[in-house]
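Enquirer: Residue numbers (our numbering), protein chains in the order written: chain S, 1 to 138; chain U, 1 to 138; chain R, 1 to 138.
FYI, nobody ran anything at the bench for these hints, they're computed from the structure.
Because the structure is a prediction, the values reported are computed rather than measured.
Here a beta-carbon is modelled for each residue, glycine too, at the ideal position from N, C-alpha and C.
Please note: incorrect hints may appear among the correct ones.
[As the list claims (entries may be wrong)] If you want the footprint, here are the derived chain R segments under chain U, 3+ residues with CB under 8 angstroms:
no. : stretch
1   : 21-27
2   : 56-67
3   : 70-80
4   : 106-120
[Stated by the list, open to error] Covered by chain S, according to a simulated footprint, are these stretches of chain U (three or more residues, beta-carbon under 8 angstroms):
no. : stretch
5   : 13-25
6   : 128-138
Each chain, written out:
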Amino acid sequence: MKTYRKELWFNTDKRRQFINITPLLEDCLAESGIKEGLCLANAMHITASIFINDDEPGLHHDFESWLEKLAPEKPHSQYRHNGLEDNADAHLKRTIMGREVVVAVTAGKFDFGPWEQIFYGEFDGKRKKRVLVKIIGE
Amino acid sequence: MKTYRKELWFNTDKRRQFINITPLLEDCLAESGIKEGLCLANAMHITASIFINDDEPGLHHDFESWLEKLAPEKPHSQYRHNGLEDNADAHLKRTIMGREVVVAVTAGKFDFGPWEQIFYGEFDGKRKKRVLVKIIGE
Amino acid sequence: MKTYRKELWFNTDKRRQFINITPLLEDCLAESGIKEGLCLANAMHITASIFINDDEPGLHHDFESWLEKLAPEKPHSQYRHNGLEDNADAHLKRTIMGREVVVAVTAGKFDFGPWEQIFYGEFDGKRKKRVLVKIIGE
Numbered sequence: 001m002k003t004y005r006k007e008l009w010f011n012t013d014k015r016r017q018f019i020n021i022t023p024l025l026e027d028c029l030a031e032s033g034i035k036e037g038l039c040l041a042n043a044m045h046i047t048a049s050i051f052i053n054d055d056e057p058g059l060h061h062d063f064e065s066w067l068e069k070l071a072p073e074k075p076h077s078q079y080r081h082n083g084l085e086d087n088a089d090a091h092l093k094r095t096i097m098g099r100e101v102v103v104a105v106t107a108g109k110f111d112f113g114p115w116e117q118i119f120y121g122e123f124d125g126k127r128k129k130r131v132l133v134k135i136i137g138e
Numbered sequence: 001m002k003t004y005r006k007e008l009w010f011n012t013d014k015r016r017q018f019i020n021i022t023p024l025l026e027d028c029l030a031e032s033g034i035k036e037g038l039c040l041a042n043a044m045h046i047t048a049s050i051f052i053n054d055d056e057p058g059l060h061h062d063f064e065s066w067l068e069k070l071a072p073e074k075p076h077s078q079y080r081h082n083g084l085e086d087n088a089d090a091h092l093k094r095t096i097m098g099r100e101v102v103v104a105v106t107a108g109k110f111d112f113g114p115w116e117q118i119f120y121g122e123f124d125g126k127r128k129k130r131v132l133v134k135i136i137g138e
Numbered sequence: 001m002k003t004y005r006k007e008l009w010f011n012t013d014k015r016r017q018f019i020n021i022t023p024l025l026e027d028c029l030a031e032s033g034i035k036e037g038l039c040l041a042n043a044m045h046i047t048a049s050i051f052i053n054d055d056e057p058g059l060h061h062d063f064e065s066w067l068e069k070l071a072p073e074k075p076h077s078q079y080r081h082n083g084l085e086d087n088a089d090a091h092l093k094r095t096i097m098g099r100e101v102v103v104a105v106t107a108g109k110f111d112f113g114p115w116e117q118i119f120y121g122e123f124d125g126k127r128k129k130r131v132l133v134k135i136i137g138e
């Protein structure tokens, strides 16, 4: 069995932002030399997400509005977590979007459906944060 | 290490529908010959879900009502993704329900709790769509 | 390839409760002897969750309020699942929080970001329920 590990760093301009990290993960997979197995990609921070969906700006706008409706950022005082912090909403938003994805690796490629793309979802950005990539297989 | 891969195809009658795919996945597991490991099952389309819950029609009705409350289909115009498409709500609903499950394989069986069943959740159906099954182990 | 399996049992005092199970899982990992691989931890019951977030009581209070807003317990009669049962809300809450986590194992440790802790989320407690731990690797 082979294993591969890498950290990817991000520092977004905005508090909330989605970044298509599929090409970065494809580089990791090529570097790993693994042809058959599973790839885990997870946010290492608890106010960010890794998720799979469509790379379509209208949809990303819809995600932003929807998450703000389900778990609004403001007023900050509505959350008990917010005192020294102001990011309780980011913990909730990341919960909806998910911490991690597990993707099949087949014949040296991510075994994707037609529109699947992997995104880093930042909900409390403007600081350096990490994604972990772990691939196991052979 | 052994690996196994299969695609399962679905074409639902309704826009939204839940299908218990546990027996199909058990056939895949038997075919794989894998006794110990992990099984990934994921929707290959970004408006569908794989999730684990109870096979109880009342609960499935509750899921449908609840998802319609959290991410209503109509009016279609409320979503920026909807122009040529009308399925923005399906992307949001699938996000709540999840893209994938990872299930332990122990002694050649899915290592389930007493009521765990695996479902395909369709949120934009009436067309052919796929589920990926990938099993690794030995 | 090595594999490891263990069941952890919980019986909460309250209907809804979060328990930090990171130390229990670290004991499992040490017992497994696995140095590189993946660890799956999942609730074996469909009204409970395994999730990763911050071990901060204010945040846990926010999760409780937020889940009650998104999927209120009462009135029990609002859910078709509730007849002989009263736990439909617990199925919905667990869906938001997630059934499972997959965590990378690197150099014999969980490969965590700075604040990641693993929780058992109980939404229909006061009874014995199980978590499955499955680790594969070498």
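Enquirer: It remains to establish, for every hint, whether it holds in the given structure.
Expert: Hints and how they fare:
1. Counting residues of the stretch 21-27 of chain R whose beta carbon lies closer than 8 angstroms to any beta carbon of chain U gives 0, which falls below the threshold of three, so the coverage claim is violated.
2. A stretch counts as covered by a chain when three or more of its residues have a beta carbon under 8 angstroms from one of that chain; for the stretch 56-67 of chain R and chain U the count is 0, and the coverage is violated.
3. A count of 4 residues in the stretch 70-80 of chain R with a Cβ less than 8 angstroms from any Cβ of chain U is obtained; the coverage claim is therefore met, three being the minimum.
4. Only when three residues or more bring their CB closer than 8 angstroms to a CB of chain U does the claim for the stretch 106-120 of chain R stand; here the count is 0, and the claim is violated.
5. Check result for the stretch 13-25 of chain U against chain S: violated, 0 residues qualifying (beta carbon to beta carbon below 8 angstroms, three or more required).
6. For the stretch 128-138 of chain U, the proposed coverage by chain S is satisfied: 4 residues have a C-beta within less than 8 angstroms of a C-beta in that chain, meeting the threshold of three.
In this structure, the hints that do not hold are numbers 1, 2, 4 and 5, in rising order.
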